[in-house]
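Novice: Listed here are the chains, written in short residue letters.
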Amino acid sequence: QVTLRESGPALVKPTQTLTLTCTFSGFSLSTTGMFVSWIRQPPGKALEWLTFIDWSNGEYYSTSLKTRLTISKDTSKNQVVLTMTNMDPVDTATYYCARMTGYYSLDYWGQGTLVTVSS
Amino acid sequence: QSALTQPPSASGSPEQSVTISCTGTSSDVGGYKYVSWYQQHPGKAPKLMIYEVSKRPSGVPDRFSGSKSGNTASLTVSGLQAEDEADYYCSSYAGSNFYVFGTGTKVTVL
Numbered sequence: 001q002v003t004l005r006e007s008g009p010a011l012v013k014p015t016q017t018l019t020l021t022c023t024f025s026g027f028s029l030s031t032t033g034m035f036v037s038w039i040r041q042p043p044g045k046a047l048e049w050l051t052f053i054d055w056s057n058g059e060y061y062s063t064s065l066k067t068r069l070t071i072s073k074d075t076s077k078n079q080v081v082l083t084m085t086n087m088d089p090v091d092t093a094t095y096y097c098a099r100m101t102g103y104y105s106l107d108y109w110g111q112g113t114l115v116t117v118s119s
Numbered sequence: 001q002s003a004l005t006q007p008p009s010a011s012g013s014p015e016q017s018v019t020i021s022c023t024g025t026s027s028d029v030g031g032y033k034y035v036s037w038y039q040q041h042p043g044k045a046p047k048l049m050i051y052e053v054s055k056r057p058s059g060v061p062d063r064f065s066g067s068k069s070g071n072t073a074s075l076t077v078s079g080l081q082a083e084d085e086a087d088y089y090c091s092s093y094a095g096s097n098f099y100v101f102g103t104g105t106k107v108t109v110l
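Listed in order, the protein sequences are those of chains A and B. So the first sequence is numbered by the working numbering: it starts at 1 and just counts up by one. So the second sequence is numbered by the working numbering: it starts at 1 and just counts up by one.
Keep in mind that the hints are not guaranteed to be accurate.
To be verified - Pulled a few chain B residues facing chain A out of the computed Cβ check, cut under 8 Å:
1. 3
2. 36
3. 45
4. 52
5. 64
6. 93
To be verified - A few chain B residues that face chain A, going by a derived Cβ cut-off under 8 Å, partial list only:
7. 51
8. 54
9. 98
Stated by the list, open to error - What follows is a list of derived Cβ distance ranges for each label pair:
10. 64/A / 67/B: 28 to 36 Å
11. 59/A / 31/B: 20 to 28 Å
12. 17/A / 25/B: 32 to 40 Å
13. 78/B / 74/A: 41 to 49 Å
14. 7/B / 64/A: 22 to 30 Å
Keep in mind the hints are simulated off the structure, nothing from the lab. Glycine included, each C-beta is placed from N, C-alpha and C at the ideal position.
Hey, can you work out the whole structure from these sequences and the hints?
Specialist: Shown next, in the form of structure tokens:
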């Protein structure tokens with residue numbers, strides 16, 4: 001049974017760095033063709049892809065946000081960590097992690113975590 | 001990287017069909033077979049409904065079907081049911097830009 005769960009702060013101040021952790025089970029990120037991705041959704045708005053990391057530690061970032069994002073993995077802990085620097089109120093959103101397969105589809109999602117950026 | 005273009009809304013009566021379009025470019029939708037569709041109910045995480053343009057994951061009803069022509073992909077929901085009322089998003093592998101979602105379509109069952 002594949003599950004993913006996001007954890008991290010619900011509130012961050014402008015200019016701070018956000019760190020979110022995705023803890024997963026039911027699969028291994030060292031398996032060829034496996035990825036974990038981060039996606040966000042501002043309240044009432046569309047999904048936005050942020051980044052994914054693959055089984056070989058390849059890192060892939062949204063062009064518009066790449067200077068602010070870092071993704072990393074700890075295979076032994078079954079965790080993927082997202083950091084986003086210089087947070088702004090427009091970054092207020094629900095942040096999801098999801099498993100991605102070699103077909104570039106996100107087949108399992110976490111429940112999401114709402115992050116509010118406010119002073 | 002621009003989002004894929006979807007109509008903001010679509011609707012149909014129960015048992016009717018509704019089709020949602022997803023328009024990109026030759027650098028994303030038109031260039032690869034990796035188009036997916038997601039269903040999202042209010043307050044819930046998205047759910048994968050279609051992958052690789054037209055394949056259904058296990059457990060997804062065959063009322064949901066996908067296709068692609070050129071730079072436009074489509075999702076058709078046949079035999080609409082009340083539980084199909086949700087937001088739908090397409091996505092595509094985008095080569096050097098890696099990945100992109102659509103703007104989303106709200107489907108209403110009349």
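Novice: With 8 Å as the cut and Cβ atoms as the points, is residue 54/B at the interface with chain A?
Specialist: Hint on residue 54/B: violated, closest Cβ of chain A at ~12 Å, above 8 Å.
Novice: Close enough to count: is the Cβ of residue 3/B nearer than 8 Å to one in chain A?
Specialist: holds (7 Å)
Novice: Between residue 59/A and residue 31/B, is the Cβ distance one that fits in 20 to 28 Å?
Specialist: Given a distance of about 22 Å, which is inside 20 to 28 Å, the answer is holds.
Novice: Per the hint of 28 to 36 Å, is the separation of the Cβ atoms of residue 64/A and residue 67/B within bounds?
Specialist: holds (30 Å)
Novice: For the hint on residue 36/B, does the least C-beta distance to chain A fall short of 8 Å?
Specialist: holds (4 Å)
Novice: Quick check on residue 51/B please, does its C-beta sit within 8 Å of some C-beta on chain A?
Specialist: holds (4 Å)
Novice: Okay, residue 78/B versus residue 74/A on CB: inside 41 to 49 Å?
Specialist: holds (44 Å)
Novice: A closest beta-carbon separation below 8 Å is what the hint needs, so does residue 45/B meet it against chain A?
Specialist: holds (4 Å)
Novice: For the hint on residue 52/B, does the least C-beta distance to chain A fall short of 8 Å?
Specialist: Since the shortest Cβ distance to chain A is 5 Å, the answer is holds.
Novice: Should the interface hint for residue 98/B be scored as holding, given a Cβ-Cβ cut-off of 8 Å against chain A?
Specialist: Given a least distance of 5 Å, the restraint on residue 98/B holds.
Novice: Closer than 8 Å between Cβ atoms is the bar; does residue 93/B clear it against chain A? Give me holds or violated.
Specialist: Result: holds, 4 Å to nearest chain A Cβ.
Novice: Does the CB of residue 64/B sit less than 8 Å away from some CB of chain A?
Specialist: violated (14 Å)
Comparing the model with each earlier hint shows violations of hints 5 and 8; every other hint is respected.
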